[in-house]
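Kindly generate the complete structure, drawing on both the sequences and the hints.
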Amino acid sequence: MDTAASRADHGNDDDPTADSPRSEAATEDLQDSPIAESAAVDADTDLDDIKALPGTGGPDDGGDIEVDPSELNLSGDSIPGHPKPGEE
Numbered sequence: 031m032d033t034a035a036s037r038a039d040h041g042n043d044d045d046p047t048a049d050s051p052r053s054e055a056a057t058e059d060l061q062d063s064p065i066a067e068s069a070a071v072d073a074d075t076d077l078d079d080i081k082a083l084p085g086t087g088g089p090d091d092g093g094d095i096e097v098d099p100s101e102l103n104l105s106g107d108s109i110p111g112h113p114k115p116g117e118e
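Positions 31 to 118 (the numbering used here) are the ones given, in order, by the sequence shown.
I should point out that these hints are in silico values taken from the structure, not numbers from a laboratory.
Hints may be right or wrong, so weigh each one.
To be verified - Computed Cβ-Cβ distance ranges for the label pairs, DEER-style:
no. : residue 1 : residue 2 : range
1   : Lys-114   : Glu-54    : 40 to 48 Å
2   : Ser-100   : Ser-53    : 39 to 47 Å
3   : Ser-53    : Ile-109   : 34 to 42 Å
4   : Asp-62    : Ser-105   : 21 to 29 Å
5   : Glu-54    : Gly-116   : 39 to 47 Å
6   : Ala-82    : Asp-45    : 16 to 24 Å
7   : Asp-62    : Lys-114   : 38 to 46 Å
8   : Ala-66    : Pro-113   : 31 to 39 Å
9   : Asp-44    : Leu-77    : 19 to 27 Å
10  : Asp-78    : Ala-55    : 24 to 32 Å
11  : His-112   : Ser-63    : 33 to 41 Å
12  : Asp-62    : His-112   : 16 to 24 Å
13  : Lys-81    : Pro-110   : 24 to 32 Å
14  : Gly-111   : Ala-82    : 28 to 36 Å
Even for Gly, the Cβ is constructed at its ideal location relative to N, Cα and C.
This is the structure in structure tokens:
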């Protein structure tokens, strides 16, 4: 059950799920916020790469950020300096 008391118990104002499920008004506020002021955007993110913020679409919307293909590792190999899953 989501109540004001249970939300207050979270103790973390940065928790994006603290007021979940969001009301339509809260969602509109998020959608109208400038991208640079969004809590969903890290300081090191290039704002020009952001196409949509998380939560501005459907309930499973993770947002849209263009990622440089050189930063992706789709080969299944471990990242240099990191063990493969299951290896220590």
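Status of the hints after comparison with the structure:
1. Checked against the hint of 40 to 48 Å, the C-beta distance between Lys-114 and Glu-54 comes to roughly 45 Å, which is consistent with it.
2. The beta-carbon spacing between Ser-100 and Ser-53, approximately 40 Å, falls within the hinted interval of 39 to 47 Å.
3. Between Ser-53 and Ile-109 the Cβ separation comes to about 40 Å, which falls inside the hinted range of 34 to 42 Å.
4. For Asp-62 paired with Ser-105, a C-beta distance near 41 Å fails the hint of 21 to 29 Å.
5. A beta carbon spacing of about 45 Å between Glu-54 and Gly-116 agrees with the range 39 to 47 Å that was offered as a hint.
6. As the Cβ distance of Ala-82 to Asp-45 is approximately 21 Å, the hint placing it in 16 to 24 Å holds.
7. Our hint of 38 to 46 Å for Asp-62 and Lys-114 holds, since their Cβ atoms are close to 44 Å apart.
8. In this structure the supplied range 31 to 39 Å holds for Ala-66 paired with Pro-113, their Cβ-Cβ distance being about 37 Å.
9. Remark: the range hint 19 to 27 Å for Asp-44 to Leu-77 is upheld by a beta-carbon distance near 20 Å.
10. At roughly 29 Å, the beta-carbon separation of Asp-78 and Ala-55 lies within the given 24 to 32 Å, and the hint holds.
11. Evaluation of the 33 to 41 Å hint for His-112 and Ser-63 yields a pass: the beta carbon distance comes to about 35 Å.
12. The supplied range of 16 to 24 Å is broken by Asp-62 and His-112, whose beta-carbon atoms lie about 40 Å from each other.
13. At roughly 30 Å, the beta-carbon separation of Lys-81 and Pro-110 lies within the given 24 to 32 Å, and the hint holds.
14. The hinted window of 28 to 36 Å between Gly-111 and Ala-82 holds, with their beta carbons roughly 32 Å apart.
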